[in-house]
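For the record, the sequence lines run as chains C and Y.
The first sequence begins at 1 in our numbering and counts up one residue at a time.
The second sequence begins at 1 in our numbering and counts up one residue at a time.
Simulated from the structure, these hints should not be mistaken for laboratory data.
Beta carbons are placed, not taken as given, at the ideal position from N, Cα and C, and that holds for glycine.
Please note: incorrect hints may appear among the correct ones.
Label-pair distances were calculated between CB atoms; the ranges are [what the hints assert, rightly or not]:
hint: 1; chain 1: C; residue 1: L350; chain 2: Y; residue 2: T78; range: 54 to 60 angstroms
hint: 2; chain 1: Y; residue 1: G229; chain 2: C; residue 2: R11; range: 33 to 39 angstroms
hint: 3; chain 1: C; residue 1: I377; chain 2: Y; residue 2: V66; range: 52 to 58 angstroms
hint: 4; chain 1: C; residue 1: V378; chain 2: Y; residue 2: V66; range: 40 to 46 angstroms
hint: 5; chain 1: C; residue 1: L297; chain 2: Y; residue 2: D20; range: 32 to 38 angstroms
hint: 6; chain 1: C; residue 1: I377; chain 2: Y; residue 2: E125; range: 33 to 39 angstroms
hint: 7; chain 1: Y; residue 1: D164; chain 2: C; residue 2: I280; range: 54 to 60 angstroms
hint: 8; chain 1: Y; residue 1: R225; chain 2: C; residue 2: Y381; range: 39 to 45 angstroms
hint: 9; chain 1: Y; residue 1: A101; chain 2: C; residue 2: D361; range: 56 to 62 angstroms
hint: 10; chain 1: C; residue 1: Y381; chain 2: Y; residue 2: T13; range: 49 to 55 angstroms
hint: 11; chain 1: Y; residue 1: R225; chain 2: C; residue 2: V17; range: 42 to 48 angstroms
hint: 12; chain 1: Y; residue 1: A101; chain 2: C; residue 2: A279; range: 23 to 29 angstroms
hint: 13; chain 1: Y; residue 1: Q81; chain 2: C; residue 2: T272; range: 53 to 59 angstroms
Straight-line alpha carbon distances no greater than 20 angstroms define the calculated EDC-like cross-link-like pairs of lysine to aspartate or glutamate that follow [claimed, not checked]:
hint: 14; chain 1: C; residue 1: K318; chain 2: Y; residue 2: D60
hint: 15; chain 1: C; residue 1: K156; chain 2: C; residue 2: D214
hint: 16; chain 1: C; residue 1: K318; chain 2: Y; residue 2: D80
hint: 17; chain 1: C; residue 1: K318; chain 2: Y; residue 2: E10
hint: 18; chain 1: Y; residue 1: K27; chain 2: Y; residue 2: E4
hint: 19; chain 1: Y; residue 1: K27; chain 2: Y; residue 2: E224
hint: 20; chain 1: Y; residue 1: K119; chain 2: C; residue 2: D195
hint: 21; chain 1: Y; residue 1: K120; chain 2: C; residue 2: E319
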Amino acid sequence: MFGATLLLAMRELRRHVLRSFLTTIGIIIGVAAVITMVTLGKGVTASIEQQIASLGSDVLIAFPQPIDDSRPPRPFKDGDVAAVREQLAGVRSVAGEVNQAVQAFHNGQNWSSQVEGVSNAFMDARGIGLDQGRRFTTAEEQSGANVCIVGPTVIKEIFVAGESPLGEQMRLNDVSCTVIGVFATRAQGAQNSDDDNSVFMPIKNVQRRFTGQDTIGYMVISYDPAYKSSSIQQSLIDLLRERRLLQPGEQNDFNIIDSAQVNDAVKTAVGTLTVAVAAIAGISLAVGGVGIMNIMLVSVTERTREIGIRLAIGALAKEVQLQFLTEAVVLCCFGGLIGIALAFGLSIGLATLIEVPFVFDPTINVGSFLFSAVMGIVFGYYPARRASRLDPIDALRHE
Amino acid sequence: MPGEPLIQLEGITKTFGRGDAAFQALKGIDLEIERGDFVAVMGPSGSGKSTTMNILGCLDVPTSGVFRFKGIEVQALTADQRSLLRRRYLGFVFQGFNLLARTSALENVELPLLYRGEKKPERREGALKALDKVGLVPWADHTPGELSGGQQQRVAIARALVTDPDVLLADEPTGNLDTERSLEIMQLLTELNRAGITILMVTHEAEMAAFARTIVHFRDGLVERIETGHRSGAPVSN
């Protein structure tokens, strides 16, 4: 009986293909909008998570920040790094970084890149691995040797493809160095800069030969996850204020980012936005449902005589009700399916456009489909009930 | 109970509307119909014949009085119980044929079996058997729009027959047909009656009523007179 009802409903909808399609547009748009918004929201979240992962996990990043824009910020110095390493509990390692734009030369070619003064500890904290070669030795770090670990972009641009770069000489501005390694591609940061377009040298060397100062750009503090991030942050702030001679009441002239906190904050923000936009799309679904109800009422009126025939033949009220309810549900389900297909295309297109990953979420797709089926029940109920309540005699007389 | 009439109407009244607008369509009908009878109901419009047919067809209930069908007091049943009664024992043929449009003859005839919950192969077999009785098997795949009026009415009769009903109710079955087609339909009804089905037919044409064994004349909401002893199927088409 139910199979027959289903077939009957399909046939009825096929008779009015255009009408059925137009009726379901509200559902189609609603479902497509909800799924697309949620999918893009997931994509944006994933993209931001990726960027934050580029900071490394369980790390704090401290960098100088001007209180007002008129004065440049006071930089950190080597002593600050040493103080944090020696005086703060729960700190595993501290690494400074300093960088400068340079021209890289090799094999008669030159390329705009940057030199980064780093250490093995920095690579650990930020989770940067090696593709080839080796890391710095302790001696190289302490003396600031002329050795470099080259980024994949630089390798691609000015090194000979297929030949090992290890042991080759290259020049950064007028400083020569020996290539000892190639670092693996890094998770890309938020800016459009290419983090792989870089050459690592021991920080001492960069301070001596490039910047000429013992300042550092920022420091990465890797901490023991057993410690609370907030307590480490507080002691870090206290220590840095003391070292920078800030009086009580004065603002911090530096900032600290916690990768985990940023992650949570961004996720919450994107989540809230997604829910808000999806809710607005949900209104379109409700409007679509009213459209379904309208067309079902029209259908009941049009087919009053048919209903009369069915009742005269011996159909029960609930059977007539089931028939019309099935039609409404089938109509909505078709709308849901088209909406899902549309959302699939839209999500992929938009994800490509705004450069976030396409994250297929089965839950929202299945959920939206079920929701459209429920819409069919909710908005088909009244018309179906009306059909089932018709008086067979009046219905048969209906012109 | 043996010997009990198939249908008994006792003091049936039917009032439409309320208060000043009330209209009493039936003013106390007493009528008994035997199993296997072929009854023609005649009378001018407004005489109450259609209202009576609706009550006999279990589509409507009387305002007062008792309607027994196979001993069941129909006026006491719910709408769904009356639906089940129609499904089981009654077949309907209407003046306007009332077939489902854009639906093949076969599927129209299958419809009552669908509501009986029969499986597809049984539905098909039953419907083809019924179409065979009315001589329309070759037209099984045609929709009503592709059939003549006479053929449509025969499909409607097949649909009424498919459940093997006790009673066939026909409301002006020849009202939309020319004389030749009308006589064909009456011939068919006569044959069905001879095969054992009780037929109740509303008509205003004496020529068609002449096929019946019993003719009930209505006037002003009452049974005016009953002619019995007609030889069913007497007139033969010329």
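Next on the checklist: Checking each numbered hint in turn, tell me which of them this model violates, lowest number first.
Outcome noted: 2, 3, 8, 9, 10, 11, 12, 15, 17, 18 and 20
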